[in-house]
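Each chain, written out:
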Amino acid sequence: MADKKTLTFALMDAPFENARSTTALRLIDIAARRGYDINVFAYEGAVYLPFSHQAKHANAVHGHEVEEEDHPLPREWVSAVIAEAEKNGGKVDWVNCGLCVDERGAADSVDGVRRGTPGDFWNMASASDGTLVIPTK
Amino acid sequence: MANYLLIESRDPFDSNDVGQFYGLAAGLAREGHSVTLFLVQNGVLPARPSAHSAALADLRGAGIDVLADDFSLQERGIAADGLADGVAAAALDVVIDHMAGGSKTIWH
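As given, the protein sequences belong to chains Y and R, one line each in that order.
Start counting the first sequence at 1; every next residue gets the next number (the working numbering).
Start counting the second sequence at 1; every next residue gets the next number (the working numbering).
Treat the hints loosely; a few may be bogus.
In silico DSSO-like pairs for lysine-lysine, Cα to Cα no more than 30 Å straight-line [to be verified]:
#1 Y:K5 with R:K104
#2 Y:K137 with R:K104
#3 R:K104 with Y:K4
Reference listing, derived: stretches of chain R covered by chain Y, where coverage requires no fewer than 3 residues with Cβ under 8 Å from a Cβ of chain Y [stated by the list, open to error]:
#4 91-97
#5 101-108
Read the hints as simulated data drawn from the structure, not as lab findings.
Built from N, CA and C at the ideal position, the CB exists for glycine as well.
Bound-form chain Y, shown alone (with noise of 0.2 Å):
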């Protein structure tokens, strides 16, 4: 691809809390449909999202058993725009900043996710066409 580009995410919310969790996949999503190769920093509760034992649940308020309600889980969108970008001939490199998962006991991720430092989000932005930190509030 002529055209590839490199950007970068940082993302520091935790799932389930906030839209900017589901903004943030949506910009990586669009990337991912690109070709695009794409860095994401996770830290500190957004190293959550890729969290392997992240479970579907069902909905006794609303009547829904656990397929029916069919609950959305980040773990299976940072696993589905993994493939997207490799489908589209570019890559996701997803890395879980390590103290933050150590403090959180957030070691268990999907697969394509890595262990990091803040040093690795500092050498994805110097490399990168673009770069977006998405801060909590």
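The hints should help you fit chain R onto chain Y, whose structure is shown.
Below, chain R without anything else, positioned relative to chain Y:
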């Protein structure tokens, strides 16, 4: 001169510092930079004609492109064909376009 994309995700009815972010956009434009303000999430609420909409019209008058995420508008029941003066609906792709093009991109 540089290209800036400023992304506002907060509701000015809820967060007083939104005005400061609008001010940053105005200041950058005044210094000759190319500036786009992209509204997303609750940041699109002033795109519905309201007490805070005039600030967006002023930014457009200062040469700033003011865009509102079409998905965020739809989620909040704001019709894309009835937006406040100076605001246009746009896809989130605009953000990726700017990042890929080397714009300085700031989230608030």
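Each hint tested on the structure:
{"no.": "1", "hint": "Y:K5 with R:K104", "result": "holds, 15 Å"}
{"no.": "2", "hint": "Y:K137 with R:K104", "result": "holds, 20 Å"}
{"no.": "3", "hint": "R:K104 with Y:K4", "result": "holds, 19 Å"}
{"no.": "4", "hint": "91-97", "result": "holds (count 4)"}
{"no.": "5", "hint": "101-108", "result": "holds (count 5)"}
Taken one by one, the earlier hints all hold for this structure without exception.
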